[in-house]
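Participant: Generate the whole structure from the sequences, applying the supplied hints.
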Amino acid sequence: MDGNAIECQGVERRFGTRVAVDQLDLTVPRGSVFGFLGPNGAGKTTTVRMLVGMLRPSAGTIRVFGHDPLSEGEWVRRHSAVMLDNVGLYERLSAWQNLLFAARVAQLTASEGQRRIEEALRRVDLWDRRFDRVSGFSKGMRQKLGLARALLADPELLILDEPTAGLDPSNIVMVRELLVSLAEESERSIFLCTHLLAEAQRICDRVAIIQRGRLLAVGDPNRLGGQGLATVRLTLTGMHPDTAARIALAAHVELSRAEGHDWRAAVSEHDDIEHLVAALVNAGVGVRAVVPEQVSLEDEYMRLVGGEEHV
Amino acid sequence: MSDLRTMMAKEFAELRGNRRFLWVFLVAVMAMGVLPTLTFANHHGHFGALGTILLVLYVLFATVAVGANTAPDLVLHERVGHTLDYLLTTRLSARVIFGAKVATAFIVGYVAAMLAIGVQLVAAAILGGHGFQWLYLAVPGGRIIAFGMTADVSLYVAVIGTFVALRVGEQRAAYMVTLLSVGLLTVPFIAGWLRLSLTTAWIGHAAMWLGAMAVVLGVIGSRIFRRDMLVLYLQE
Numbered sequence: 001m002d003g004n005a006i007e008c009q010g011v012e013r014r015f016g017t018r019v020a021v022d023q024l025d026l027t028v029p030r031g032s033v034f035g036f037l038g039p040n041g042a043g044k045t046t047t048v049r050m051l052v053g054m055l056r057p058s059a060g061t062i063r064v065f066g067h068d069p070l071s072e073g074e075w076v077r078r079h080s081a082v083m084l085d086n087v088g089l090y091e092r093l094s095a096w097q098n099l100l101f102a103a104r105v106a107q108l109t110a111s112e113g114q115r116r117i118e119e120a121l122r123r124v125d126l127w128d129r130r131f132d133r134v135s136g137f138s139k140g141m142r143q144k145l146g147l148a149r150a151l152l153a154d155p156e157l158l159i160l161d162e163p164t165a166g167l168d169p170s171n172i173v174m175v176r177e178l179l180v181s182l183a184e185e186s187e188r189s190i191f192l193c194t195h196l197l198a199e200a201q202r203i204c205d206r207v208a209i210i211q212r213g214r215l216l217a218v219g220d221p222n223r224l225g226g227q228g229l230a231t232v233r234l235t236l237t238g239m240h241p242d243t244a245a246r247i248a249l250a251a252h253v254e255l256s257r258a259e260g261h262d263w264r265a266a267v268s269e270h271d272d273i274e275h276l277v278a279a280l281v282n283a284g285v286g287v288r289a290v291v292p293e294q295v296s297l298e299d300e301y302m303r304l305v306g307g308e309e310h311v
Numbered sequence: 001m002s003d004l005r006t007m008m009a010k011e012f013a014e015l016r017g018n019r020r021f022l023w024v025f026l027v028a029v030m031a032m033g034v035l036p037t038l039t040f041a042n043h044h045g046h047f048g049a050l051g052t053i054l055l056v057l058y059v060l061f062a063t064v065a066v067g068a069n070t071a072p073d074l075v076l077h078e079r080v081g082h083t084l085d086y087l088l089t090t091r092l093s094a095r096v097i098f099g100a101k102v103a104t105a106f107i108v109g110y111v112a113a114m115l116a117i118g119v120q121l122v123a124a125a126i127l128g129g130h131g132f133q134w135l136y137l138a139v140p141g142g143r144i145i146a147f148g149m150t151a152d153v154s155l156y157v158a159v160i161g162t163f164v165a166l167r168v169g170e171q172r173a174a175y176m177v178t179l180l181s182v183g184l185l186t187v188p189f190i191a192g193w194l195r196l197s198l199t200t201a202w203i204g205h206a207a208m209w210l211g212a213m214a215v216v217l218g219v220i221g222s223r224i225f226r227r228d229m230l231v232l233y234l235q236e
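Protein sequence lines, in the order shown, are assigned to chains A and B. Anchor point for the first sequence: position 286 equals 286 in my numbering, and the numbering is continuous, going up by one each time. Anchor point for the second sequence: position 182 equals 182 in my numbering, and the numbering is continuous, going up by one each time.
These are computed hints drawn from the structure, not numbers from a lab. Some hints here could point you the wrong way.
[To be verified] Listed next, the stretches of chain A that the computed footprint assigns to chain B, with coverage defined by at least 3 CB atoms under 8 Å from CB atoms of chain B: (1) 85-93; (2) 101-110.
[What the hints assert, rightly or not] Have a look at the derived ranges for each label pair, beta carbon to beta carbon: (3) A:115 / B:80: 30 to 36 Å; (4) B:80 / A:17: 23 to 29 Å; (5) B:31 / A:59: 54 to 60 Å; (6) B:82 / A:287: 56 to 62 Å; (7) A:154 / B:80: 38 to 44 Å; (8) A:59 / B:27: 49 to 55 Å; (9) B:186 / A:136: 30 to 36 Å.
Even glycine gets a Cβ: it sits at the ideal position worked out from N, Cα and C.
Facilitator: Following this line, the structure appears as structure tokens:
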């Protein structure tokens, strides 16, 4: 099936005078892994709640596989599974009972439910603890059980809010590999809210950065840096400070000496690099090397979110 | 119906694992079963209609004590544990979630009352009470109160307790407000708007009106119970 898993247009959510989500425009293609990044209180969980019809947007429209989560909430929730930041497991029940309830809610037959429960518990390495009460589980075990529950009904859309929160490094690797394998499976779409930028860069096809309810950037996690300021390292001969100032002005870049013959230029668009090199050559400067420096998702995130913090 | 059964099976499984609930249930049933028998043991059956009513009131107390504890707890532990958030992300309708909680609290409250009657009978037999504990079961008015009005009160407490727990975030406060709502039922009599009578006809009509009121409250509750309202409660 073609189309988008999620479409948000001008979505707003207010709590009294506080704006939790502000004019959110978002498109998540079907079958993609979409990273939704932002600090605590950015509006990620509120967005997730609106996506599954738990919250009514104050303005704007949301469509999940073309369906309205409010008026067609049951359809949306039947085809999606959500793991919220607070996993929400029944403490007085065992891991098995928790998943059995989820299987019944998903209307799986008894035999199919038991098969999937076993598969899910083995997948997250909790099979041996299946009859233990959840109240005795560590934070990491709860996260894994929550993930198993979300996977149980084999949803078309998986919404995960901080699935690696509270996990130790080995479990983070386990969850990451699980997410990679899930992403590779069929047509499943994954909407992943996370703080872990390296994870997002590695797993996600597209990411969005949200801060104080406003969308700051959307794009390919490996190219997102290109939307903002990028850095180029230049090895130049015959370059004088006066020349540098003139060229910087003409090419609309920030140019500064690094060390020796090395200079660093901050450009706002990739085309600026070509203009810079042309200006340098025209000024009689020898250009020995031009090396674009990789701007990581973390750099871009910190630039966008960090910058916002100072506003 | 299958969703309601699924939700109720989960509720009962959770109650079985709730030690506090089991203690409240046991203490309420035993207290309301044994206390009246001890109270009237020396009267040897000479206590008339008022005594009969007092005896059967203990059955209602059992329902109120257990129901007022159970109904808020069924909601509040889901709020505290964030499982209500999970429930709201599933395909279960808000009506099923609300209905299962009300139905479970109703059944638990009613079963507590019936067990209390059983304990009263056993205690009477052990104490050799000359069968006076049967008095309220022997007369139609007593049977209406024991089986009919107990069901009404159990449903009323279940509906109010569930509603209150959606608004009040603390167990003790929810319990107290639910008890207060039961106390409100006496206001028309205390204010003199209604006159209390112990005739079978009057008790029968009172049971019907109370039952109808509880059902109407339950229907109103299920109609105004919306997913997005609940999430707002969680975010307060």
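Participant: Does the hinted range 23 to 29 Å hold for residue 80 (chain B) and residue 17 (chain A) at CB?
Facilitator: The hinted range 23 to 29 Å holds for residue 80 (chain B) and residue 17 (chain A), with Cβ atoms some 28 Å apart.
Participant: Honestly, do residue 31 (chain B) and residue 59 (chain A) meet the 54 to 60 Å range at C-beta?
Facilitator: 55 Å, holds
Participant: Tell me if the beta carbons of residue 82 (chain B) and residue 287 (chain A) are separated by a distance inside 56 to 62 Å.
Facilitator: 59 Å, holds
Participant: Is the gap between the beta carbons of residue 186 (chain B) and residue 136 (chain A) within 30 to 36 Å?
Facilitator: 46 Å, violated
Participant: Is the listed coverage of the stretch 85-93 of chain A by chain B valid when you require three or more residues with a beta carbon under 8 Å from a beta carbon of that chain?
Facilitator: It holds: at least three residues are needed, and the stretch 85-93 of chain A offers 8 whose Cβ sits within less than 8 Å of chain B.
Participant: So the hint says 49 to 55 Å: do the beta-carbon atoms of residue 59 (chain A) and residue 27 (chain B) match that?
Facilitator: 53 Å, holds
Participant: Take the C-beta atom of residue 115 (chain A) and the C-beta atom of residue 80 (chain B), compute their distance, and say whether it sits inside 30 to 36 Å.
Facilitator: 33 Å, holds
Participant: For residue 154 (chain A) and residue 80 (chain B), compare the CB-CB distance with the range 38 to 44 Å and indicate the outcome.
Facilitator: Violated: the Cβ-Cβ distance is about 30 Å, outside 38 to 44 Å.
Participant: In terms of beta carbon proximity below 8 Å, does the stretch 101-110 of chain A have 3 or more residues touching chain B?
Facilitator: n = 6 at 8 Å, threshold three: holds.
Checked against the numbered hints above, the structure breaks hints 7, 9 and satisfies the rest.
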